[in-house]
Amino acid sequence: MPPLLTFVARISDGLPLVANTAPDVSSSSGVTQVHKDQAKDILRGLGGTATSAAKMSIDTSNHLIFHYLVRDTLCYLTLTEQSYPKRLAFLYLEEIADAFLESLANDYGDPGWRDAIATTAR
Numbered sequence: 035m036p037p038l039l040t041f042v043a044r045i046s047d048g049l050p051l052v053a054n055t056a057p058d059v060s061s062s063s064g065v066t067q068v069h070k071d072q073a074k075d076i077l078r079g080l081g082g083t084a085t086s087a088a089k090m091s092i093d094t095s096n097h098l099i100f101h102y103l104v105r106d107t108l109c110y111l112t113l114t115e116q117s118y119p120k121r122l123a124f125l126y127l128e129e130i131a132d133a134f135l136e137s138l139a140n141d142y143g144d145p146g147w148r149d150a151i152a153t154t155a156r
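All residue numbers for the sequence shown refer to my numbering, where the first residue is 35 and numbers rise by one.
To be clear, the hints were calculated from the coordinates, so they are not data collected in a lab. Glycine included, every Cβ here is placed at the ideal spot set by N, Cα and C. Watch out, some of these pointers could steer you wrong.
As the list claims (entries may be wrong) - Pair ranges (Cβ atoms, derived):
#: 1; residue 1: L49; residue 2: R121; range: 26 to 32 Å
#: 2; residue 1: Q67; residue 2: D93; range: 33 to 39 Å
#: 3; residue 1: T55; residue 2: L135; range: 18 to 24 Å
#: 4; residue 1: D71; residue 2: E115; range: 26 to 32 Å
#: 5; residue 1: A53; residue 2: E128; range: 17 to 23 Å
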């Protein structure tokens, strides 16, 4: 089964920027409000500390595992069944990170836009 729950959040304060639940997730999969709250607690717990691992897997109850990836100032977190391969979970998070950052670049311009403005202003 594909990832059940996915979050993109700021590391500094754990604020979720994007949250998504798989459309075919039923109550039988074990994903509850408790798991959503656990995800938010994990995100808040990172708190921008330098000691946070760049990627990690965290076991929960009901044979579900949280996987997270930290890139730049954002954390990408997903919940999968225990049988879902870790390698695929982290590849999924890498793809989400790439797509999210590309979307920001498209919506708000190239991150180097400040340099372009500074150069043009001279």
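Okay, the hints, checked on the actual structure:
no.	hint	verdict
1	L49 to R121: 26 to 32 Å	holds (29 Å)
2	Q67 to D93: 33 to 39 Å	violated (19 Å)
3	T55 to L135: 18 to 24 Å	holds (22 Å)
4	D71 to E115: 26 to 32 Å	violated (19 Å)
5	A53 to E128: 17 to 23 Å	holds (19 Å)
Comparing the model with each earlier hint shows violations of hints 2 and 4; every other hint is respected.
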